[in-house]
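**Student:** Each chain, written out:
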Amino acid sequence: MSVHDHHSAYDRPAPGLTPGRRVSPTWRWFAEGIWWVEHAFGRARAHARPEEDARVRIFLILGLFSLVFAGLAVGATHAALMSPRGGGGYATNPNALVRGDLVDRNGALLATNIVHYAFYIDPSEVWDREAAAVQIKRALPAVSSARLRRVLNGDRRLIVMPGLTPAERKRLHALALGGLSFEPEDRRVYPLGTSATHVIGDADTGGRGISGAELAFNDEIRAAGARGVPFALSIDLRVQGVLENELAAAAEANGAKGAVGIITDVQTGEVLGLASWPTSDRLDRVTSAHYEMGSVFKTFTVAAGLDTGQADINTRFDASEAFMIGNRKITDFHAQNRVMTLEEVYLHSSNIGTSRLAIEMGGTVMRDYFTRFGLMDAAPIELKESARPRRPRRWDDSTLASLSFGYGIMITPAQMAAAMGALTNGGRFIPLTLRKGDGTPVRGRQVVSPETSRTLLDLLRLNVVRGSGGFAEAAGLRVGGKTGSANKLVAGHYDPTHAVGTFAAVFPADGPLDARRYSILILIDEPSAWPRTGGYVAAPAVGRIADRIAPFLGVQRRADAWRTALGERIAVPAATDGVVR
Amino acid sequence: MTMWTAPRNGLQRLFDWKVHGIRWVEIIGLLLVALMVFSVYVAKAGAAREGVRISQLEREISDNGERVHLLRAEVARLEQPGRLEALSRSAGLAPVDVHRRKNEGSLATIAPVPEPRPVIVAPTTAASVEAAAAETPVGPEDGR
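Residue numbers (our numbering), protein chains in the order written: chain L, 42 to 622; chain A, 2 to 145.
Bound-form chain L, shown alone (with noise of 0.2 Å):
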């Protein structure tokens, strides 16, 4: 009798598999694999061969660890070379600017950041330095070679130059030079170089703006760059860029020392040009330059007096000879030598009418309506480089005769832009703006009642038509304007040779009040063209920037009362008499 079961207990079917039961082949097949382990045993002791017992098990750890390890090897290498190059994170750039791009009303670009490239080199990992040095100095021309050996001959890596582009940067890689590195830093790019370059400001490597709107809108700059959209300014670059075209031509044709340009809209106060020329320059002469601007105050003046009721377009003013003040003679540059009308003193630019016109309102009456106009303060526009005026210290008859043509008071051209605009749109003074407005309507504060801003339109309109400001015409976009022609002081007195030469208009002078229109402000400083006059050296500037930039506004050509649409003459009717003062 043997001691072993008989081989037949070893040989049974698995379990649950049921004879002449469907099941698949797969599953048969490993139900009797597995059995067939789990009986090796006892088939093993059942043939006298227990050893292949155990060498069955080996086998099958054997096999089982194997198939684990084959799964890791396959894998790791697919890791190791399957892998994208330069690793699976996510590379971000650690010195990446939060500040969003600017961008003009209509999304151009005026400011945007571009990843530039510090530039390091280990000298441990450089094989033949003389070499390198020759290499790199021909890639980058621009790097200092001083710099570059004493890098190269250190013994630590260290930065050789920063802010490279991505195209010297690519020609450095293509060196293949070992031992060179580069590491991303974001640079405030400005791709229109001189252009708006005063409006637009900088901003210092650390993404802080340091002046114009950089600086002005600096938080919400930053916030647009956190959120990834851009920030967009009032400007619009195709007005920006007719405005400094015509300005540089209109300087460098007049000899001019400096020039000025800024164009808004006077409904909403948004500035859609601003131009400081010489570009060059740093000042941004708009809102941190002052000028005693001359006979454009005259507009001031006569405004006050309409809207004080002092005066109406037909009182008469004796301009027959020279007004006198205590010692001082005040004469007229255009002498009439006659009783003029309100209308005529200001056509004619009358310094007798208006110095006669202001001595009768009074110190307190042109202080107060300076302050309105915004003349007392400085511009209110987001620029920080607004400067306060240069204010008249006393407001007695000489200074108020001299105040109402222009003369000792000096102010920036942005507050003359502020103040026309609000003399031109129904009597609101809005602040200006370099923020793009949203389309609603700006309420402002009233300083002049809607007649008198009517009235005011209606004498710009035809200082342009029958006065100083001729060559301001452009051809149905009826430009109203007044010119303003100042000596500067030079060595305590008034220097003809050095003259400043003002145009402040504004187009279309015609339709309602609250009708779009857009006032144009040219200053030429110190031109050396004769005559110096704003009527010959800044008025004809205006005329064409008006011209080039009309289509642009959507201003339609329309002929008025004394122009056609293609700016020829109609005949007008003669003026009233009125009241002699």
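Derived by calculation from the structure, the hints in this document are not laboratory data. Incorrect hints may have been included.
What the hints assert, rightly or not - Short derived list, chain A residues pointing at chain L, Cβ under 8 Å:
| hint | residue |
| --- | --- |
| 1 | 21 |
| 2 | 70 |
| 3 | 78 |
Stated by the list, open to error - Computed Cβ-Cβ distance ranges for the label pairs, DEER-style:
| hint | chain 1 | residue 1 | chain 2 | residue 2 | range |
| --- | --- | --- | --- | --- | --- |
| 4 | L | 321 | A | 62 | 33 to 43 Å |
| 5 | A | 51 | L | 321 | 54 to 64 Å |
| 6 | L | 139 | A | 34 | 41 to 51 Å |
| 7 | L | 112 | A | 25 | 24 to 34 Å |
| 8 | L | 268 | A | 48 | 55 to 65 Å |
| 9 | L | 102 | A | 25 | 32 to 42 Å |
| 10 | L | 552 | A | 57 | 32 to 42 Å |
| 11 | L | 269 | A | 51 | 49 to 59 Å |
| 12 | L | 139 | A | 62 | 17 to 27 Å |
We put the beta carbon where it would ideally sit given N, CA and C, even for glycine.
Based on these hints, arrange chain A on the given structure of chain L.
**Tutor:** Chain A alone, transformed into the frame defined by chain L:
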């Protein structure tokens, strides 16, 4: 004295089902654990692959964003107003005189639309009509 034995229901029989002294339930449990471990490994490996793919796409987006930035800056540089003006002037271009400008509404006044040419129709005779009718092919619906 007889010992009380619990009724052997199906569940107990399943627990008692052994092979070499090891319960099948335990073997199946171990297999399930192994299966879970393996499936977690597979899921994690898949997630890692997706993570790598996402990183790669993010890198591509970032690189493309940089390229777009560069190209936009280059476009802005090329479109500098001063540069365009200088190029235009050197090419002999200048603002168009107002007398030579027209809007779309007045195009007809500067280049009137030409009158339509009268269509000359050849005189038709009775003979030619009959000839044309004879040459006209007969359609299938007309066939008899």
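**Student:** Okay, which hints does this one fail, numbers in order?
**Tutor:** Hints 8, 9, 10 and 11 are the ones this structure does not satisfy, whereas the remaining hints hold.
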